[in-house]
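*Asks:* Keeping their order, the protein sequence lines are chains Y and G.
Heads up: the first sequence at position 248 corresponds to 248 in the working numbering, and the numbers run straight through without jumps.
Heads up: the second sequence at position 213 corresponds to 213 in the working numbering, and the numbers run straight through without jumps.
Wrong hints could be hidden among the right ones.
[Unchecked claim] Distance condition first, Cα-Cα at most 35 Å in a straight line; then the derived DSBU-like pairs of lysine-lysine:
1) Y:Lys162 <-> G:Lys136
2) G:Lys136 <-> G:Lys68
3) Y:Lys65 <-> Y:Lys228
4) G:Lys136 <-> Y:Lys65
5) Y:Lys228 <-> Y:Lys162
Hints listed in this document are in silico derivations from the structure and should not be mistaken for laboratory results.
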Amino acid sequence: MTSVLDAELAWTSDEMMAVAAARELADATVCFVGIGLPSTAANLARATHAPRAVLIYESGCIGAKPDRVPPSIGDGVLSRSADAVVAVPEIFTYWLQAGRIDVGFLGAAQVDRWGNINTTVVGEYGAPSVRLPGAGGAPEIATSCQRVIITLRHSPRALVEKVDFVTSFGHGDGSGSRERLGLPGAGPQVIITDLGVLRFNDDDAQFVLTEVHPGVEVDDVIAATGWKLQVAPSLRETPPPRRVELDALRSFVKG
Amino acid sequence: MAEFTSLSDAIDRHVHDGDTVALEGFTHLIPFAAGHEIIRQRRRDLTLVRMTPDIIYDQLIGMGCARKMIFSWAGNPGAGSLHRFRDAVEHGLPHPLEIEEHSHAGMATRYATSASGLPFGILRGYTGTDLASVTKNIAWVTCPFTGELLAAVPALDLDVGVICAQQADREGNVMLWGITGVQKETVLGARRSIVLVEEVVDSFSPHVNGVVLPNWTVDSIAVVPSGSFPSYAQDYSERANGFYAYWEPISRDNEVFQSWMGEHVLATENHAQFLASLDAREWESNGD
Numbered sequence: 001m002t003s004v005l006d007a008e009l010a011w012t013s014d015e016m017m018a019v020a021a022a023r024e025l026a027d028a029t030v031c032f033v034g035i036g037l038p039s040t041a042a043n044l045a046r047a048t049h050a051p052r053a054v055l056i057y058e059s060g061c062i063g064a065k066p067d068r069v070p071p072s073i074g075d076g077v078l079s080r081s082a083d084a085v086v087a088v089p090e091i092f093t094y095w096l097q098a099g100r101i102d103v104g105f106l107g108a109a110q111v112d113r114w115g116n117i118n119t120t121v122v123g124e125y126g127a128p129s130v131r132l133p134g135a136g137g138a139p140e141i142a143t144s145c146q147r148v149i150i151t152l153r154h155s156p157r158a159l160v161e162k163v164d165f166v167t168s169f170g171h172g173d174g175s176g177s178r179e180r181l182g183l184p185g186a187g188p189q190v191i192i193t194d195l196g197v198l199r200f201n202d203d204d205a206q207f208v209l210t211e212v213h214p215g216v217e218v219d220d221v222i223a224a225t226g227w228k229l230q231v232a233p234s235l236r237e238t239p240p241p242r243r244v245e246l247d248a249l250r251s252f253v254k255g
Numbered sequence: 001m002a003e004f005t006s007l008s009d010a011i012d013r014h015v016h017d018g019d020t021v022a023l024e025g026f027t028h029l030i031p032f033a034a035g036h037e038i039i040r041q042r043r044r045d046l047t048l049v050r051m052t053p054d055i056i057y058d059q060l061i062g063m064g065c066a067r068k069m070i071f072s073w074a075g076n077p078g079a080g081s082l083h084r085f086r087d088a089v090e091h092g093l094p095h096p097l098e099i100e101e102h103s104h105a106g107m108a109t110r111y112a113t114s115a116s117g118l119p120f121g122i123l124r125g126y127t128g129t130d131l132a133s134v135t136k137n138i139a140w141v142t143c144p145f146t147g148e149l150l151a152a153v154p155a156l157d158l159d160v161g162v163i164c165a166q167q168a169d170r171e172g173n174v175m176l177w178g179i180t181g182v183q184k185e186t187v188l189g190a191r192r193s194i195v196l197v198e199e200v201v202d203s204f205s206p207h208v209n210g211v212v213l214p215n216w217t218v219d220s221i222a223v224v225p226s227g228s229f230p231s232y233a234q235d236y237s238e239r240a241n242g243f244y245a246y247w248e249p250i251s252r253d254n255e256v257f258q259s260w261m262g263e264h265v266l267a268t269e270n271h272a273q274f275l276a277s278l279d280a281r282e283w284e285s286n287g288d
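Turn these sequences into a full structure, and let the hints steer you where they fit.
*Replies:* This is how it looks when you write it as structure tokens:
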């Protein structure tokens, strides 16, 4: 029987994803935030356990503190609440390229087992079956931040064996690719979806399933993944959302 | 030296068929009114440059003004796809569109390079991506001092740069603030420039992140209130977020698109008439 309390604490898989993604962001982290799910999660982190997180948006807003979900990367709520607003060439050079950012928080249309991201095309570049928006700031966020968090909804079309186009470099074709290219950051370390959490395992040189969200079966996650997903021996269940997390998330989304 | 003129005169004078044109503004201060005027004057074969070609370039492409687009992110922010752009790329409608795509960092470097008068700029970027293999204007250079391999991108060869700003003073100096994107670089990096302003003031007040373009760096200034609608001008207007969702089904169907553009852009003579032709109730329910 569902108690009143349980009913109030019911959550959607998207909310579980946002909460799990937010938990990945430690307090006082300097985070370059992509729009959409990453922005929601980063702001949830700031509203709960990470009040000193510094959120940076590619529109040039440094230390943005929006009180509602910004519908775009350059919304007025970002510039008005920021500690500083700088020109776009500056945000990508003095701030991102110079290595001042701890965490890059990205979404993706497709991501593969090595954390390479595609936001450019499905199919052939010259004759795509689906033309996606393109790179935006992601290629340099993926290479210049010290680590990268990826969040997207789980499906075999989204988590694929190999991306159709490498828009943003993760770990190439496995371990050691980043070192060979001389990339400064550690690259994507975690992928949070609406079904669970995948973490990059250096030994296997790929993303493996480390957490499943409450109510999700491991087989469902494997079936929704486009590669033969390995399950970590230490697999655990994601702690469910707490009331404080859901309240903060809902008030932020509602605005 | 900047001259005050109507927007239609400024477009007529500065934007020619075949030109390379940047209409810039990063979410904020997007010069929509200038895009509409280019459509009204039926310019053709333009190379359109913009970091984030949103609805404004969707309209220019769908109306057949563009031959090529140079960009780094082509979507309808928060609402989905640019369907006129996608139709051009996926199906060659209304005619094939050549594309040249970069990352934001690469495009920002190109704008800064143009403003600096240099032939190419460098960045630590594009490493490991497939962009470098499909975009010929991405190359690699070795640092002569450290030996580091860096990406190189050429300056943008801009005939015309168009931006919006909040204010001009009576001498034609221009001031903008809030998110200022690559607007300064667009004006300084182009052979000719047009600035749309909300109003003319006697003198400027200081603003956080205020950018001033002296009058000798600008060619034409047009006073166009709400010239950035449905984008916004900080301290003058709010972004019409609902419009971006409202645009999605219009853009999706070319007949609906052509009819909308005919009614609201081609059948109106200027931006004031364009704004008067719209009914905000159609998108305000989408949430602002």
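*Asks:* For the pair we were handed, Lys162 of chain Y and Lys136 of chain G, check the Cα-Cα distance against 35 Å.
*Replies:* Status holds; Cα separation ~24 Å.
*Asks:* CA of Lys65 of chain Y to CA of Lys228 of chain Y, is that 35 Å or under?
*Replies:* Distance ~40 Å between Lys65 of chain Y and Lys228 of chain Y Cα, so the pair is violated.
*Asks:* Given the hinted pair Lys136 of chain G and Lys65 of chain Y, is their alpha-carbon gap at most 35 Å?
*Replies:* violated (39 Å)
*Asks:* Within a Cα-Cα threshold of 35 Å, do Lys136 of chain G and Lys68 of chain G meet the stated pairing?
*Replies:* With Cα atoms ~14 Å apart, Lys136 of chain G and Lys68 of chain G stay inside 35 Å; holds.
*Asks:* Going straight from one Cα to the other, do Lys228 of chain Y and Lys162 of chain Y come out at no more than 35 Å?
*Replies:* Status holds; Cα separation ~12 Å.
Against the hints set out earlier in the document, violations occur for numbers 3, 4.
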